[in-house]
Amino acid sequence: MQRRLKFEIIALLLWISSGSSVFAAWKVAIFDYDDRLHAPNTIAKYIETTLLSAEDQLTVEQYSGKANEQIAVETLKRLDQAGYDLIITITSDALILAHHFLKNTPTLYTNVNNPLFLGVMTLDAPGRNMSGASYYVPIADQIAFFQQIQPPLKRLGFLFDEKSRSSKTEIAESRAVCRANDLEYAIRLIAKAEELPAAARDLIAEGVDAIIVTSSEKIYTNLSLFQAICDNANIPIYSYHKTAVQQGAIASLTSDYYRMAEELIVPMALQVLREGVSPGAMPVAFLENNLIIINQTQAQKLGLTISDEILQQATAIF
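Positions 41 to 358 (the working numbering) are the ones given, in order, by the sequence shown.
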């Protein structure tokens, strides 16, 4: 009896040490600053699905800051004390808060603007147990691309969301690019989507050649609120975000959030979990090839001719 009991104890210890999923499961929290917890096809859900398909010894839980700074800070502090093996944050707003309030947990961020404008000191192994992937495409490249489509483009009108932290980085860089290239510009800030029609009218009244939609979801998902105003004035819309092109913007030079998740964030997460690598030892990651998204139907409607060379390079044409 004693020999059998001893054998069973040894077998149990060997089973535990062999890496049973009960004892070896990793816990990952995905935190989205915006209120998209119950929305379909989100980046958070895509990251969760991709992670679980690559690693079965894993539990993933999702959280939202509900686009509210106080709620976001409280949630991040709670997650940092909850024993997660990894926290993945989504949006520039989330990164800024995570940089201040996450002290104990390895952290990866995604869907952020230029990290150097968001509190990160270096893109090469930034330390602090935190790194990630950025959708950042230099604004100089984007504006140069828009000028290829519309060569007379000399006066630009920008729409920014005053409540988005990404706007602070984009405003400064957009101004700098315009000044460096002797381009005139006008800027309008909106606090809520209902202000977009008036902002568009103001920019058109200032004589802009085109309106540029920046990377706030509040703006790029609401072109329908001011598209007709621009069309009636024969003013093209360009975008820093690809979603706007499907709605009627002429073009966008952009990153693919889903490719960022699959090709950059998930491999980084697995390296943290499986190998124990600190995110702070990983350089900030960027996609090598940007997407060219074109709305040829809208271009033709406004009398713009997009070259065959650009069309042949396009990732998607509407």
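Among the hints, a few may not be true.
As the list claims (entries may be wrong) - Straight-line alpha carbon distances no greater than 27 Å define the calculated DSS-like cross-link-like pairs of lysine-lysine that follow:
| hint | residue 1 | residue 2 |
| --- | --- | --- |
| 1 | Lys106 | Lys203 |
| 2 | Lys208 | Lys232 |
| 3 | Lys85 | Lys117 |
| 4 | Lys208 | Lys106 |
| 5 | Lys117 | Lys106 |
Stated by the list, open to error - Simulated DEER-style distance windows between Cβ atoms:
| hint | residue 1 | residue 2 | range |
| --- | --- | --- | --- |
| 6 | Ala245 | Glu114 | 39 to 45 Å |
| 7 | Thr337 | Leu229 | 26 to 32 Å |
| 8 | Arg314 | Leu156 | 47 to 53 Å |
| 9 | Asp271 | Asp96 | 27 to 33 Å |
| 10 | Ala321 | Asn81 | 29 to 35 Å |
| 11 | Lys117 | Ser318 | 16 to 22 Å |
| 12 | Gln121 | Leu344 | 51 to 57 Å |
| 13 | Ala354 | Thr162 | 30 to 36 Å |
Because the hints were derived from the structure by calculation, they are not lab data. Idealized CB from N, CA, C, for every residue including glycine.
Do the hints match the structure? See the list:
Taking the CA atoms of Lys106 and Lys203, the gap is near 14 Å; set against the 27 Å cutoff, the hint holds. At roughly 17 Å between alpha-carbon atoms, Lys208 and Lys232 fall within 27 Å of each other, so this suggested pair holds. With a CA separation close to 22 Å, the supplied pair Lys85 and Lys117 stays within the 27 Å bound. A distance of roughly 21 Å separates the Cα atoms of Lys208 and Lys106; the hinted pair therefore holds under the 27 Å criterion.
Simply put, Lys117 and Lys106 have alpha-carbon atoms about 15 Å apart, close enough for the 27 Å limit, and the pair holds. Between Ala245 and Glu114 the beta carbon distance is about 43 Å. The supplied range of 39 to 45 Å therefore holds. Between Thr337 and Leu229 the C-beta distance comes to about 30 Å, which sits within the given range of 26 to 32 Å. The beta-carbon spacing between Arg314 and Leu156, approximately 29 Å, falls outside the hinted interval of 47 to 53 Å.
Distance hint for Asp271 and Asp96: a CB-CB separation of about 51 Å, inconsistent with the stated range 27 to 33 Å. Roughly 32 Å separates the CB atoms of Ala321 and Asn81, a value that falls within the hinted 29 to 35 Å. Checked against the hint of 16 to 22 Å, the pair Lys117 and Ser318 passes, with Cβ atoms roughly 21 Å apart. The hint said 51 to 57 Å for the Cβ distance between Gln121 and Leu344, and at roughly 54 Å that hint holds.
Evaluation of the 30 to 36 Å hint for Ala354 and Thr162 yields a pass: the beta carbon distance comes to about 34 Å.
Hint violations for this structure: numbers 8, 9, all remaining hints satisfied.
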